[in-house]
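Undergrad: Read off the chains here:
2 protein chains.
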Amino acid sequence: MFFQLYWQYFFAGLILWVVIKIVFNFKKNRFSDDKKERYEQLEGEFELKGYREIQPALPKDLKHVLLNWTKIPIEESLNRSKEFYKIMAKRRTVRHFSKEDVPKEIIENIIRTAGTSPSGAHTEPWTFVVIHNNKKKQKIREIIEEEEEINYKKRMGTTWTTDLQPLRTNWIKEYITDAPYLILVFKQTYSSKSDGSKKLHYYNDQSISIATGILLAAIQIAGLVTLTSTPLNCGPALRNLLRRPKSEKLVFLLPVGYPAKDCSVPNLYRKPLDDIMVEF
Amino acid sequence: MFFQLYWQYFFAGLILWVVIKIVFNFKKNRFSDDKKERYEQLEGEFELKGYREIQPALPKDLKHVLLNWTKIPIEESLNRSKEFYKIMAKRRTVRHFSKEDVPKEIIENIIRTAGTSPSGAHTEPWTFVVIHNNKKKQKIREIIEEEEEINYKKRMGTTWTTDLQPLRTNWIKEYITDAPYLILVFKQTYSSKSDGSKKLHYYNDQSISIATGILLAAIQIAGLVTLTSTPLNCGPALRNLLRRPKSEKLVFLLPVGYPAKDCSVPNLYRKPLDDIMVEF
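Residue numbers (this note's numbering), protein chains in the order written: chain A, 232 to 511; chain B, 232 to 511.
Just to be clear, a hint being listed does not mean it is correct.
Note that identical chains are pooled: a pair holds if it fits in a single copy or bridges any two copies.
Claimed, not checked - Restricting the straight-line Cα-Cα distance to at most 30 Å, the calculated cross-link-like pairs of lysine-lysine (DSSO-like) are:
| id | residue 1 | residue 2 |
| --- | --- | --- |
| 1 | K429 | K302 |
| 2 | K302 | K492 |
| 3 | K291 | K252 |
| 4 | K302 | K330 |
| 5 | K366 | K424 |
Hint data in this document are derived by calculation from the structure and do not stem from the laboratory.
Just need the whole structure built from these sequences, with the hints factored in.
TA: Rendered as structure tokens:
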């Protein structure tokens, strides 16, 4: 039989193939750091594969108009930038909330402000889910505490939990039911165009966090406090609870309100300007 | 010889191994969406592998102090949140800059403000590289235009370039040399502790974009304009030019200054509150 006569060649061929596979895999992991970085940056592009529609996300005949802008005198520019710094420098991450309610109009203004953020190709890939209902807050707290207990005990590892010790955090999250409002920030990874085709959301990761930065500024300006939390592993359960589509992913959960009377914070300092700014 | 007698068993074993490998790879790709999401969320944890030091990033004996906070009357809260929204709503992404200079003190206040951002385990993983030197700006423009021409012509694909058409962008970036200041935002993926061990920067991706959101707010408050650009593929070249360490990666490049006299912008509208906010 042909196979029995020439089995050595088949065998040698197979071994060669296996060796090539192993060497190739090894090589793939030996990219220089720079090349790796280039490839990571191209990831956004890979997302685009498989989409054929070539109608632009924005209207093709988008008009361009003169920018409506008035120059502020330099002295005022300086003062405003200094005042804004002073207000923002007072911001602290707060983990103990008062149950005192906040007028909904303030929350609406804060969300409106976050909605002014820039986004890749003006896709505005954000949904802010605002929770005021106590039963919903209780349910959210149960989902998060259940996952967080597993996170702290099993998933996070000693390094991480050790790093968090000085902040005195754990898996008990009273702030979720104490704070009058929760804002859950969902990123939209894609959306649907009017003709039913998919609209891609370029740089949605960066866009959602930039919008959250502006949200944090708005909360601080309004005299409220918050905690920038990133619930680990609770995304799908919370998405189902809040009936958000699969195209959306939970990125941040912010309790918003007033601090508890005896609220304490870790005695942290921020890096001075010289440590964060480099000049050329 | 042993091998010649029993080659069939070796051969069968090898084939079995190859089949198992193929089936296993196939299975790995068949995770349900929810499971995929859970795994993606755990990525942060995977980064931690290989690090053994278990000293916390923050001092172990970090003191906790009473929060220094004064309540603002509700009426004022409402007014402030409305005023801040009005100012931020005027923000537009600007692509045509005047060459008029800006006092450095304003730029410093803006960076200081960005430095008040929250970050995972208070790691403050940011370096803001500020460029005022014209030769440096010219060199940066050359590096970016060279890469961007390849991006537009080869890498980005028809969908992406079609989506960008209404914004009238291309690979010529005059704003890089026109604007008096460039702020290059680098994220620090890790840093070194005083004892030489590595300090992990949890959630550095989210932290850097949140800080950039607060940077954008500070630029707008100061009466200046900017463009939130994400130079594709230029990170390593610009990092080398600006002598930043390998632990840092370029995320954003923001030209900052005044708009050109005849500056035009696309006639875009933002989503109304009902489209971005969901209530429970």
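Undergrad: Check each numbered hint from earlier against the structure, then list the numbers of those it violates in ascending order.
TA: 1, 3, 5
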